[in-house]
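Asks: Here is what each chain is made of, one letter per residue.
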Amino acid sequence: AQSVTQLGSHVSVSEGALVLLRCNYSSSVPPYLFWYVQYPNQGLQLLLKYTSAATLVKGINGFEAEFKKSETSFHLTKPSAHMSDAAEYFCAVSGGMDSSYKLIFGSGTRLLVRP
Amino acid sequence: DAGVIQSPRHEVTEMGQEVTLRCKPISGHDYLFWYRQTMMRGLELLIYFNNNVPIDDSGMPEDRFSAKMPNASFSTLKIQPSEPRDSAVYFCASRGQGGVDGYTFGSGTRLTVV
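For the record, the sequence lines run as chains W and F.
Numbering-wise (my numbering), the first sequence opens with residue 1 and increments by one.
Numbering-wise (my numbering), the second sequence opens with residue 116 and increments by one.
Calculated from the structure, these hints are not laboratory results.
Under the rule of at most 20 Å between Cα atoms (straight-line distance), these lysine to aspartate or glutamate pairs were calculated in the EDC-like manner:
1. W:58 - W:88
2. F:183 - F:145
3. F:183 - F:171
4. F:193 - F:171
5. W:102 - F:172
6. W:58 - F:216
7. W:102 - F:159
8. F:139 - F:216
9. W:102 - F:171
10. W:102 - F:145
11. W:102 - F:216
12. F:193 - F:133
Please put together the full structure from these sequences, using the hints given.
Replies: Next up, the structure:
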């Protein structure tokens, strides 16, 4: 079965610092990969997605992620954190061997941004 | 498009009562998903529909939970009887054919069972 693992339930950075949120996937066939963001008391918003085109994917709000098949990783980065980036971030996987394209989520990483 | 619409946004009910959560997917989307979010278990897929037909309900926790999709524009998730451990945020999401576009999520229903 496919799965994703997010390392670190909480990540704290200073405003202006690099943001790095880690995600590793488990799938015998390269799947589709997604990053979603959830602000307090809101639903999930799609940040970016990898669907077997370019391995470096740019998303909204200055975020990007790189698909690395050799490392089975899809880490999320942003060069300079802003206070408004404080939220919970979810990595998710679908497709691969699963033709239903069910979206399976990681456990989430809460990003804290210090002034 | 107004996106995926869920109602109510908040629901507080007493243990033993019936609770019905509602969802209107994006027009044209063939798939509809119900997720539950809790601190302990994260985001869990409960059930999903394709063209109004339930495909996989293996995530439904107990027989107290049931879901229906009578037409392409409406789905319900019902809990009867409700219990305090059902307290969670319930999300509905929809998508089109294939998995390329990801899912669009509603704003969720925060359920509190006292």
